[in-house]
Amino acid sequence: MNNKPLILVVEDDAAVRNLMAVTLDTQGYRYHLARNGAEALIEATTHQPAVMLLDLGLPDMEGVDIIRRVRGWTGMPIIVVSARGEDADKVDALDAGADDYLTKPFSVDELLARLRVALRRVNAEPSPSQEDAVYENGALRIDYAAGCAFIADREIHLTPIEYKLLCLLARNTGKVLTHNYILKEIWGSYTASDVGSLRVFMATLRKKLQTGGGEQPYIQTHVGIGYRMLKPEGRGEEAP
Amino acid sequence: MQDHERILVCVSASPTNADVIRRAAALSKTLDAELIALYVEDTEVRNEAQARAVHEHLGLAERHGAMLTTIYGDDPATAIAQYARVSGITKIVLGKSPERRHPFAPKETLMSRLNELAPNVEIVIVPNQLSAEAGSFRLSRLFRRERFSPLDLIRTALILAACTGVGFLFSAVGLAITNVVLIYILGVMAVALVTTGYLYTLLSSLLSVLVFNFFFTEPFYSLRSSPDYFATFAVMFAVALLSSSQTSRIKAQSVQTANKAYQTEVLLSTSQLLQKAEDKQAILEVVQRQLSRLLEHSVLCYDVTDGVIADAPTMCTIEQDGGFDGIGPELEVVRWVGLNAVHAGSTTRTFPQAKCLYMAVRGERTVWAVIGIRADCAPTIDEYRKNLMISILDLCALAVEKDHMTREKQRMEESARQESLRANLLRSISHDLRTPLTSISGNAAILMENTGQLSPENCRQLYASIYDDAIWLNGLVENLLTITRTENGVMKLNLQTELAADAVEEALRHMDRDAAKRHISTDLPEEMLMARMDAGLIVQVLVNLLNNAVKHAPEGSRITVGVRRRGGMAYLWVEDDGPGVPAGDEEKVFDMFYTGVKRGPDSRRGIGLGLALCKSIVQAHDGAIGVENIQPHGAKFWFTLPIAEVEGYEQ
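So the protein lines, in turn, are chains B and Z.
Everything in the first sequence is counted per this note's numbering, starting at 1 for the first residue and increasing by one.
Everything in the second sequence is counted per this note's numbering, starting at 241 for the first residue and increasing by one.
Think of the hints as simulated: they come from the structure by calculation, not from any bench.
It is possible that part of the hints are untrue.
[Claimed, not checked] Computed list of lysine-lysine pairs in DSS-like fashion (alpha-carbon distance at most 27 angstroms, straight line):
| no. | chain 1 | residue 1 | chain 2 | residue 2 |
| --- | --- | --- | --- | --- |
| 1 | B | Lys-104 | Z | Lys-791 |
| 2 | B | Lys-104 | Z | Lys-757 |
| 3 | Z | Lys-855 | B | Lys-104 |
[To be verified] Pulled from the structure, derived: some chain Z residues nowhere near chain B, Cβ distances all over 12 angstroms:
| no. | residue |
| --- | --- |
| 4 | Leu-300 |
| 5 | Gly-414 |
| 6 | Leu-665 |
| 7 | Ser-705 |
| 8 | Asn-714 |
Where a beta carbon is used, it is the ideal one built from N, C-alpha and C, also for glycine.
Work out the full structure: start from the sequences and follow the hints.
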């Protein structure tokens with residue numbers, strides 16, 4: 001029975017907490033509930049959950065602070081749940097180290113889909129040595145040693161920057177990377193005009209990956225927030 | 241009449257005037273009245289001592305908090321009465337002036353005439369304590385008035401010599417002796433024209449009589465003459481003196497007229513420029529420019545907003561003055577002026593060591609700005625220009641005050657408009673929130689109480705209804721949140737460069753569930769079309785337009801959303817093949833609370849918020865929005881956004 005991953009739900013609103021609990025229960029996940037930031041930190045340290053679902057509007061602490069503290073010692077995926085539609089809050093949380101976000105009201109399907117993405121990431125992670133060789137995601141293959149990328153064994157021609165972007169996204173598969181993060185990683189620093197360039201690079205990169213024939217895009221665009229490399233479900237290895 | 245008193249005190253060169261001003265100031269303090277110091281400049285020739293006295297008195301009045309005003313007019317009584325009427329003066333303070341003691345005008349004239357001309361104004365007479373000294377003052381003044389000038393003396397001598405020459409010519413030709421007399425009178429008038437002061441006129445009148453006597457009356461070359469000529473001498477002297485003094489007066493008047501014309505011109509052009517100025521900043525700039533042109537000095541201007549004085553002045557530099565930043569200790573003086581609304585700095589008693597003369601632009605109660613006039617590297621400003629300057633500052637204060645009031649009025653109207661909009665909104669919302677909430681709570685209650693008794697199909701319908709209503713409510717809340725981001729009609733945008741196609745794809749993900757029953761297709765361009773946008777808001781516009789299309793087009797209809805480049809703008813549209821927009825309503829659909837044709841009690845919900853919001857969002861992006869009906873049927877909603885060109889993305 002302990003095979004199922006443990007999910008930590010941090011949510012102050014009883015109704016939403018209940019909704020999440022029921023949802024997780026129906027899918028057979030184990031879960032722990034926390035009603036505020038202090039409980040969340042205790043639960044996170046003592047039970048070491050696989051994934052944390054974190055509400056940003058907690059009564060006692062700023063969600064961003066919790067993320068920073070948790071990030072001090074673990075890389076476990078954090079999915080933030082925010083009632084506010086404001087993109088700035090999400091971007092702050094993502095920059096602080098969150099992996100993904102959900103906006104209230106969210107559908108149960110959406111919640112479960114995000115959870116699966118996060119769990120796949122956990123399962124793929126503990127092998128840094130693997131990264132050095134080859135990255136595989138469905139038909140997409142990146143040969144780090146050779147510095148080439150392939151779709152269905154056909155090499156795709158990328159500019160140096162596009163290749164760097166692809167590698168950055170691949171290394172963080174499943175994680176939403178904010179514009180600022182990407183700009184800092186690729187260009188070192190950035191100005192306002194670079195944001196436009198990033199859009200164009202990402203669009204061309206997406207197009208080049210698309211020509212390979214995949215019906216679902218490898219790279220998701222999160223307008224106003226950033227991008228994410230996705231391992232589409234049913235493609236690539238199934239979670240054990 | 242007004243509630244508060246306005247006291248007018250007349251400023252003159254009279255030595256008793258200082259006392260009058262002090263008493264007027266005391267009176268204004270007691271009555272908590274506004275004090276206005278009025279100086280009537282007339283054509284009477286003024287000497288330096290008088291000018292200095294007036295200057296001192298004006299300064300004194302100012303130190304007592306009076307507002308200085310100068311008007312022009314030959315008849316002080318009419319001028320004062322007119323001013324009093326126009327500016328709502330309630331009391332006039334006068335001194336029993338020793339001046340204007342004139343055989344034909346009794347000394348009460350001013351007072352009695354004022355009584356006559358301005359019957360509504362109370363006239364307060366301050367008893368004269370200095371009348372004993374007044375006589376001696378007048379006498380000494382007569383002597384002090386004249387200045388010795390060798391040049392004028394030479395001019396006088398030359399003119400008289402010329403007259404004598406002509407006189408000899410006339411007598412040689414044999415013309416009558418009376419012609420020579422006329423020549424001398426002409427000469428004396430010429431002297432009056434070319435010299436200043438009465439001394440030379442008097443001297444030349446006297447000399448011409450003597451010279452005439454010496455050269456042209458028998459016995460010649462002697463001052464002795466027959467008694468017959470005494471009458472001639474007397475008349476000649478009188479005529480010369482009178483006509484020459486008339487000439488002096490005309491001369492003085494012409495200078496005055498020229499000054500007055502110049503002043504009128506300056507004030508008129510200033511007032512014209514002020515009328516064109518659109519805001520306070522522009523007004524201050526105009527005044528700064530006018531003053532620096534008038535005074536040929538650098539003029540600094542410190543803006544005062546809500547009692548806070550700007551840290552740095554706006555400069556208007558005249559080149560020869562060199563650089564001057566107006567910061568440092570000067571700022572203290574500026575603060576003081578701003579606080580006390582009184583002139584200070586160079587040439588005044590307060591902070592005389594300052595490099596500039598600082599004057600407040602003040603209205604009824606507030607100081608709007610502080611003007612600094614660079615006075616250290618140029619001769620101090622004369623009385624005439626100073627008065628003109630004060631007039632310009634008064635004009636400026638009036639203009640700023642008017643501008644301020646207009647703005648205040650606009651602001652209040654705007655806030656009233658916003659308030660009524662908000663009230664309307666709240667009414668519609670509270671009405672429209674209840675309907676879905678009733679449905680949600682009702683459906684949930686049925687499900688709770690009748691578990692097991694409902695058929696699975698019935699249950700599914702109830703669940704779906706709850707879900708749909710909740711989603712609808714969420715859309716409404718989304719729009720309301722955006723409205724709260726709008727303040728005073730201005731939307732705060734978080735502009736970024738985004739791919740227009742990305743926004744379209746994002747919007748499609750956020751559409752209503754009902755959308756599944758329509759065929760939705762996209763028409764996206766090949767090129768990377770980037771636009772400056774607040775992504776969240778533009779996605780919301782698209783979602784609103786898409787949901788609107790879903791709402792109005794029946795099931796099974798086609799909806800297309802597309803992006804193109806058109807006329808330097810990104811052109812986005814949402815098209816359906818539903819019934820289209822009622823003819824004539826193309827503009828109205830974007831009005832708040834427009835809900836289309838009434839369709840009876842079963843009509844679908846909507847408070848007409850979505851499209852109105854779309855319009856304000858697009859307009860905040862400097863774009864346009866519109867709708868047109870398409871053939872054979874259907875509506876095409878479109879909007880434009882400024883394109884953002886990305887340069888050099890390929891290295």
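To see whether the hints hold, each was checked on the structure:
Taken as a hint, the Lys-104 of chain B and Lys-791 of chain Z pair is honoured in the structure, with Cα atoms around 23 angstroms apart against an allowance of 27 angstroms. For the suggested pair Lys-104 of chain B and Lys-757 of chain Z, the alpha carbons sit about 25 angstroms apart, so the restraint of at most 27 angstroms is met. Between Lys-855 of chain Z and Lys-104 of chain B, the direct Cα distance comes to roughly 26 angstroms. Compliance with the 27 angstroms bound is thereby established for this hinted pair. The beta carbon of Leu-300 of chain Z sits about 61 angstroms from the closest Cβ of chain B, which is more than 12 angstroms, so the claim that it is off the interface holds.
With a least beta-carbon separation of about 102 angstroms from chain B, Gly-414 of chain Z lies farther than 12 angstroms from that chain, consistent with its non-interface assignment. With a closest Cβ-Cβ approach of about 19 angstroms to chain B, Leu-665 of chain Z is found to remain outside the 12 angstroms limit, as its non-interface label requires. Annotated as non-interface, Ser-705 of chain Z keeps its C-beta farther than 12 angstroms from every C-beta of chain B; the closest such distance is 16 angstroms. The beta carbon of Asn-714 of chain Z is not kept farther than 12 angstroms from every beta carbon of chain B, the shortest such distance being approximately 5 angstroms.
Checked against the numbered hints above, the structure breaks only hint 8 and satisfies the rest.
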